[in-house]
Each structure stands twice: as C-alpha cells, then as structure tokens.
Amino acid sequence: MTDEILRVDGLKAYYQMHYFGVQREVRAVDDVTMSIGRNEVYGIAGESSSGKTSFIKVLAAAVRPPLRVVSGSVNYDFRSGPINVAAATAAEVERVRWKSLSYIMQGSMSVLNPVRRIGQTFHDFAFRPLGLPREAFDRRVLDHLARLKLPADILRAYPHELSGGMRQRVTIGLATICHPEFIIADEPTTALDLVVQKEVLHLIRDIQAEMGASVVFVTHDMSVHANVTDRIGIFYAGRLVEEGPTRKMFFAPRHPYTAHLVASLPRIGDTAQRPSLDGRPPNLAAPPDGCRFHPRCPLAVDKCRIDVPPLVEVAPGQRSACWRWQDVQPLDRSVALAHGAVT
Amino acid sequence: MTSYFWFVAKRAVLLVAVIFFGVSATFFITHLSPISPVETALGRIANQSSFSPDAIEDMRRVLTDLYGTDRPLLQQYVTFWQKLAAGDLGPSLIAFPTPAMTLVMQALPWTVALLVVSTLITFLAGNLLGALAGYFQNNMALKAFGVVAVVLQPIPYYVVAFVLLILFGFVWPVLPISGGYAMDVAPGWTLDFMWSVALHAILPAVSLVLVGFGTWFLGMRALVSNVVTEDYVTYAELAGVKRSTIMGGYVIRNAMIPQVTGLAMNIGTVFSGTIITEQVFNYPGLGSLLIDAVFGGDYALVLAVSTISITAVGIAIFIVDLLYPLIDPRVKAE
Chain A
1 MTDEILRVDG LKAYYQMHYF GVQREVRAVD DVTMSIGRNE VYGIAGESSS GKTSFIKVLA
61 AAVRPPLRVV SGSVNYDFRS GPINVAAATA AEVERVRWKS LSYIMQGSMS VLNPVRRIGQ
121 TFHDFAFRPL GLPREAFDRR VLDHLARLKL PADILRAYPH ELSGGMRQRV TIGLATICHP
181 EFIIADEPTT ALDLVVQKEV LHLIRDIQAE MGASVVFVTH DMSVHANVTD RIGIFYAGRL
241 VEEGPTRKMF FAPRHPYTAH LVASLPRIGD TAQRPSLDGR PPNLAAPPDG CRFHPRCPLA
301 VDKCRIDVPP LVEVAPGQRS ACWRWQDVQP LDRSVALAHG AVT
Chain B
1001 MTSYFWFVAK RAVLLVAVIF FGVSATFFIT HLSPISPVET ALGRIANQSS FSPDAIEDMR
1061 RVLTDLYGTD RPLLQQYVTF WQKLAAGDLG PSLIAFPTPA MTLVMQALPW TVALLVVSTL
1121 ITFLAGNLLG ALAGYFQNNM ALKAFGVVAV VLQPIPYYVV AFVLLILFGF VWPVLPISGG
1181 YAMDVAPGWT LDFMWSVALH AILPAVSLVL VGFGTWFLGM RALVSNVVTE DYVTYAELAG
1241 VKRSTIMGGY VIRNAMIPQV TGLAMNIGTV FSGTIITEQV FNYPGLGSLL IDAVFGGDYA
1301 LVLAVSTISI TAVGIAIFIV DLLYPLIDPR VKAE
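So the sequences go chain by chain: A and B.
So for the first sequence, my numbering puts the first residue at 1; every next one is plus one.
So for the second sequence, my numbering puts the first residue at 1001; every next one is plus one.
Because the hints were derived from the structure by calculation, they are not lab data.
Do not take every clue at face value.
To give an idea of the chain A side of the interface with chain B (calculated C-beta under 8 Å), a few residues [unchecked claim]:
1. Ile56
2. Ala60
3. Trp98
4. Gly107
5. Asn113
6. His160
7. Leu162
8. Met166
Backbone N, C-alpha and C define an ideal beta-carbon position, used for all residues, glycine too.
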C-alpha cells in the first residue's frame, strides 16, 4: 500500500472490569497491526465475539470504559492533518468527527431519533461540521438526498414514517454528507432483506467511488464481502489472523479459519451439508496459549499450542498468522464464484 | 391538521363521558347512603333549641320539599342533572342557606392555584434534576439528590405535612401554618393580600412538592439512564452533535414521553393528596370544604365538591392528553 490513510500499530484494547475487588480482563483486541489505503474498501470479517466490534470502536474513537486502549496507536492521515485517535484528546477527536471520520451504525431501525424530523437530524449532524450558511446547507442536503434517490419531502418526515431501506439510506446520507475521507460501516445491511441489501451495498460503493473515501466494512456475511470489498481482514479471538485481497481470500485462503469460513458458504444447487467447526470461540478472559485457533483447528500440531504464530506475508499482499499456512487446502472455486468473488 | 382535529374530538367525547359517569356515580353513592340530609338538618336544629313537634314537622316538610327526597330516585336523578345544568345543586346545610355551588366556587381557586403551582414545580424540578442525574451519573451533587428523593418518595402526604407544621409552626415559627391569608388583610387585588396568600401557600405547597419530587426524579433518572444507551444517542455522540442538543433534543425529549403520561395519571392522586394537606394547614380549598361537608352530613355540598373536582381533574387530564401528540409524533399515526 503506497498511500495509507490509516495505520494501526500493535493495538491492544481490553475490557477491564472490577467485580468486588477482583480484576477481570477481556482481551478483545490483542496486538493488531494493519493499514488501510486511500479509496480502499476494507472488509472486516469474523464471528460474534471475535473482537471486530471492539476494533472498530477504537477506529471510530468511540472507546468507553470498560473498554480501554492498553497500547498501540491508530494513526489517521487526514487532509486536515494526522491524528492518533488512540491517544488524542476529546477535543482533537471532535475536530475530525463527521468531517473526516464518519460512521454508519448497525441497526437502521433505532439509530434515528424517533421524535425528530429527518431534516432536523441532518441539521444536528452536519450543520456544524460543514460550516455553510443556512441556505447553502439546505441546498447541499437536497443535492445529497437526490444522490441517495430519496425524495426531498422525507426531510419533513419522522423516522417511523419511513421504510427500513429508506432509513438505512438516510443513515448513509448522514454519514456521507460531509464527504468524509474515512467511513466505518458496521453491519450496514444486516437487518435488511436481500433486495434492499443489494441496493444499499451499491449505494455505498457508488458514493465511495464518487467521493473517494476509504471504507471499513464490517460484516459477518462473507457474500457481502465478496461483492463489496477490495481487501478482507479476518478476526478470530481478538487477533487479525489473515488478511489479503478479497479474491485471494476466497480462492486461496492461507489460514484454516478463513478456509472454513469460506467453505461454510451455501451454493445454489448444492445440497451437501456445509462443514461446521467443532467447539466455540475461546473465552477472551482466558484465551488459550499459542495460536488461539488451535483447539478447533484440524491442522494443529504441538507448536501451535505453545507459540503464537506471527502475521507473515505468504503471498503478495496476503498475510496469514498460521504456522502451517502452506498446508491449508485451497477450496472449491465454485463456492467463491457463486458469491460474487469474480475471477 | 385534520388528524389532530379528530384526535381532539375523540378525546373531548371521552372527557364528557368520564364526567357524566363520575358525577352519576357520586350522585348514586350519596343518595343511596342511609344518611338523610333532612333528618341530619332537623337533628341539628332540634339540638340547638326546643321546638314543638308541629314546628319540626313543618320544617321536615319544607326541607323534604327542598331536597326532593320523597320522590323516586330516578326522578331525583333527572332533576339533579336539570338543576346542575343551571349551576344549582341546592343550598348547603352546614352554611344554610348559601348555595353549595357558591361555596365550591369560593374554594376552587385556592385548590387550583395550589395544585397547579406545586405540580408544575414538582414536575419541572423532578424531571430536570432527574434527567441530569441520569445523564451525569458520576456527579456527586446529583447523587445526593437521588438519596433525598429515595428517602422522601415513600413518605405519605400527611406525615410530611405534619412534620413541616411542627418544624415551621413550633420549632422555628417563621411561616404561617393555618388559613389562606392573614386575618388582618382584606381580600382583594392588593399587594398586601397577594403577599399574605403567597406566604400562607408556602407550607402546603412545599409539602406537596416534597412528596411528589421523589417520584418524578427517580422515574426520570431511570428513564434517562435507559435512553442514553439507545442507538440514536450513541450515534449522535459519535457524530459529534452538540452536547446540549443531545441532552435536550435526544435524551430528555424521548424520556419525557412516559413522564407526561405519568402526569396525566398523577393529577387525580395529587388532588386527593391536597385534601389531606389542606386539612392539615386549614387551607380554604376544596379539600377542607369536602371534609367539613362529609362530617356535617351536607350531601348537597359533597355532591357539589365531587362534581367540580371530577370536572376539573377530567379537564386537566384532557389538556395533558392534547399535548401528547405534540411531544410524540408517533401518537398521531393512530
């Protein structure tokens, strides 16, 4: 990556809690190093409690106790100047919020204030960061709505008067109206039906292409990743276990967890049962030694139980944290093809 | 706008129905009770001086005629509504021959003023402080308010009223403890009179405020600490929306909705609370009048107080109801 907008170095973010004097620590994000390029759509995948939500909370500078950044840095290189949001003060973060760094939140049903008109919400969110006079601001909002294919009269509507898909488009509109350089999209399509999902995904892609923003796209839905992202990072138990260009991740995964994730995808016409992994993700308060995936890994050897595998480059642009990455079976191409990871 | 018109019309019909059934119930309860107003009146008159049996019989006839107690109940009921339509509920017994309606109308402003002022103060202070306490959960001063609210909230009206009476009437006698205004001030729109009224209202009002405060404070604090975890609040915070906008337009605005419902349901309770408070402070309102009427067996007056109270509480709830679609846009959609 020649031009990076985000560089995360050795990031550790733990949930630290005290129950009756006993300290408990959940290592939700443990030693993550990665970077995202300008205009890139980066997908983050992983099952529930893999730490992906905690990770993007740090990226969004939305860390609240009991979650705490223990070490590491999260450096953005915005046009307005570089900022390390893991160490910045609230006022410094406030300056880049929405102008440079915006967020599409999960759950379009509940992210809009039920007692405020959409127009008022646009004003709350974007008036200050845009810094335009009232008239120019109103025109900007109308132009933006047109781009989102939303009728202008929704500005007078309350959220309950809109459909789920419209609400999600409004949320995307709120997140993109200031032309931010970096957008974090947290499960933006999860609660929507497939047709609306497709619409919303295209919308995000189009807006991203038009405005030239970087997008971090978080979802556990691998077929969404196949359709939208340029690169994918796979999280498992608080660690980034594999990352690489989307196509490679589908056709030539180099981590057994990724291979299973992709192999679990259904395919039209194929009635064979999809393999599922035994066991469950580890307890992050007491993660296993060595590679955290070893209790469930079919390839695990003694070394995996003792030493933590480093994230190493296994192919151009592809990194894997597995001692046995060379033994990972590439999978049936048709599954990847069926999900849109086109060759 | 037309949807709002129908909303108001529906609520107005409901209001009329509530008043009709409430007043009817009071009518039948008083008229089916074994206490006869005529005999009670005669008993009192006969106690005071000796009359010949003929004179008593004459009086009985006159009083029976006046109250119409010899006619069938249903006919009395119809007559009652006819007279009520003309604003006449017959003469009071304990203040014979002053019309019961006149006594009620004299007492009504006192109670309404006391209720409106104390309810407004309680509602605004309780909700505002409760909202702040729910939002700034680590603020020590607001935590202290929480403790005060928890202590005050379960204490009944009459205990608070008596404690205030003892504290400010005997231990530290700085405030008037009885009546609506000082005896040496002539009623009228003068500054002296107003000042006296205000001074006399302090203790009854404070006792109502103290008791009501806890409920609103604790309710609002719980509501706000829930609302702040809602996605739309988190999202607004992530977007860097101004703190004051989040607090007012997002948090309080949403937490207010159930509190306004609570206000409508609370008005009746607070009204029954004033009956006791007024009695303790000998305040010249509807509560004192009602208790005098009950003890005096004055059922024209009981009926008059109840009728006016039912109407007043009904109208107050109606007004709150009308505000509802303005604070919650989702209500209009019904």
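Status of the hints after comparison with the structure:
1. Ile56: Check failed: Cβ of Ile56 of chain A comes no nearer than 11 Å to chain B, outside 8 Å.
2. Ala60: With a minimum Cβ separation of about 6 Å from chain B (threshold 8 Å), the hint on Ala60 of chain A holds.
3. Trp98: holds, 5 Å
4. Gly107: Because about 6 Å separates Gly107 of chain A from the closest Cβ in chain B, which is inside the 8 Å limit, the hint holds.
5. Asn113: holds, 4 Å
6. His160: holds, 5 Å
7. Leu162: violated, 12 Å
8. Met166: violated, 16 Å
Checked against the numbered hints above, the structure violates hints 1, 7 and 8; every other hint is satisfied.
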